[in-house]
Amino acid sequence: MFHKRLQQFVLVYAAGVLSLILMKYLLHLSDYVIPGPLEIWHTALSVFVRYLWNVADTLWIAVVGHLISILLAFAIGVAGRRASWIGSLIRAAAYNIQAYPMVAVAPIIFILLGDGLLARLLIAVMICYFPLLLSVISILSEPVDSVEHFYEATGRMNWRLQVRIRAYENIHKLTTVIVGSATMAMVGTIVAEFVAADAGIGYSIRIALYQSDLSKILAALFLIGISTSLYLTALEWAGDVVERKFQA
Amino acid sequence: MQIECQNISFQYPHTDIHVFDQLNCRIDGAGFHALFGPSGLGKTTLARMMAREINGYSGQILSDRTEKILYTHNMERFPGWAGIGDIISSTTQASDRKFLDTLVDTFGVRPCMNARFSQLSLGQKNRANLIRYLLQDFDMLIMDESLANVDETTRGRIIITLKTLFPGKIFLYISHNMLEVAKFCRQVIVLRSADKSPQAQSVFGQDLMDAENFSMPHVERTMLEMVHVS
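Heads up: the sequence lines are chains A and B, in that order. To convert, note that position 45 of the first sequence is 45 in my numbering; the numbers rise steadily by one, no gaps. To convert, note that position 170 of the second sequence is 170 in my numbering; the numbers rise steadily by one, no gaps.
Among these hints, one or two may not hold up.
Listed next, the in silico DMTMM-like pairs over lysine to aspartate or glutamate satisfying Cα-Cα at most 20 angstroms (straight line) [unchecked claim]:
no.: 1; chain 1: B; residue 1: Lys-68; chain 2: A; residue 2: Asp-115
no.: 2; chain 1: A; residue 1: Lys-173; chain 2: A; residue 2: Asp-240
no.: 3; chain 1: B; residue 1: Lys-163; chain 2: B; residue 2: Asp-28
no.: 4; chain 1: A; residue 1: Lys-173; chain 2: A; residue 2: Asp-145
no.: 5; chain 1: B; residue 1: Lys-169; chain 2: B; residue 2: Asp-137
no.: 6; chain 1: A; residue 1: Lys-245; chain 2: B; residue 2: Asp-86
no.: 7; chain 1: B; residue 1: Lys-68; chain 2: A; residue 2: Asp-240
no.: 8; chain 1: B; residue 1: Lys-196; chain 2: B; residue 2: Asp-28
Hints are computed from structural coordinates only; laboratory data are not their basis.
With the hints as constraints, model all of the structure from the sequences given.
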């Protein structure tokens, strides 16, 4: 799986870099705007180790943020699946909040919490939590009548059994949603770092932007792509294991 | 024991189609009865009304010593996370375990008790589903095509077993198999379309208890009556 994802990413990345270089030579742009291939290569080598640590730092925050949002989404999703006023309130709140651009709220979080780890983590959680919550609520609120009927008719249904049945019947959808939200966790963390943090690959991109150094930005993008592919592959593998265990 | 529908009128929300218009019918006494009629006339709807799964109709459904009514249909599934034996056991009282064994043998599902529901044939699925309902506390069990995809011999054996093991319960069997209904059921409620009056009429079948007493003339007479009424 990793091999396939890596191939896809490298193809897209190479196409992007090649089109930049093509643009440079076609439009006679200076090295200041778009550096030459050799300069990109030398810069990439010089920042590789530092950026690798920065990406690892970002990935760590994204993974923790993603895990927290999964736990929260399932906890709140279980309450929100019900057709009661609590469920309606949770659904309406989640719809409205997820429609709001979280990046616009990020400065408030940095003002209140500073530019440290907590602010980055919180923004990562907030960016992937609400869409995840809506998907979980939508999956868990859909009755599986053909399985649930017996338990409803005989008065044996309780919330744990209902959640178990619906999660089991939709396990593939749930794992797909979780894997999909991982990208958002990574994006959220990088955006948070880009806006105001003092660590992580987003912060390094911000510094490179101030220096107008496209080579560094390209090197950072390459490492972000590799680490995201790695994380998505790990999640897909975990999802496959869970699905196989459920259906064994 | 009795259940009686009085002046039932019903149409599904947001439609102009009247499913029932002043429908009256009554099932008297324990035994194996049937609800019969062409597709789309409301057999399932009426059954679910009796089981209190559908409300919003006018008229009333009265019951005498028939409080616990269960409705089961042939599209039901078991949770897939365990074998059907474990799933059935989890909803069976400890005191009924021996009875469960009897039903498993009679229904011929012993070889597949460790299999997951998805691994069973359609007939096995329906028999397994019926077993778990029979192990619940009920006064009346409505079986909507519950023996579909089961071979004729096994169906007959199962119906006679139900009559023998549950003499004090009401069974309402929904089936399109006219011969089977005429042969095994005591009272057959034949449903007709809403523009006909009365919308339901009763016919009496042979109520066969063992294969040796099968009377073809009786069954043929019942079948003719059913055709005539519908």
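Against the structure, the hints:
For a cut-off of 20 angstroms, the pair hint linking Lys-68 of chain B to Asp-115 of chain A is broken: about 63 angstroms separates their Cα positions. At roughly 12 angstroms between alpha-carbon atoms, Lys-173 of chain A and Asp-240 of chain A fall within 20 angstroms of each other, so this suggested pair holds. With a C-alpha separation of about 15 angstroms, the suggested pairing of Lys-163 of chain B with Asp-28 of chain B holds against the 20 angstroms cut-off. Restraint check: the Cα-Cα separation between Lys-173 of chain A and Asp-145 of chain A comes to about 18 angstroms, which is no more than 20 angstroms; the hinted pair holds.
For a cut-off of 20 angstroms, the pair hint linking Lys-169 of chain B to Asp-137 of chain B stands: about 10 angstroms separates their Cα positions. Straight-line distance between C-alpha atoms of Lys-245 of chain A and Asp-86 of chain B comes to about 17 angstroms, which keeps the hinted pair within the 20 angstroms bound. As the CA atoms of Lys-68 of chain B and Asp-240 of chain A are separated by approximately 43 angstroms, the hinted pair breaks the 20 angstroms bound. Taken as a hint, the Lys-196 of chain B and Asp-28 of chain B pair is broken in the structure, with Cα atoms around 23 angstroms apart against an allowance of 20 angstroms.
Comparing the model with each numbered hint stated earlier shows that hints 1, 7 and 8 do not hold.
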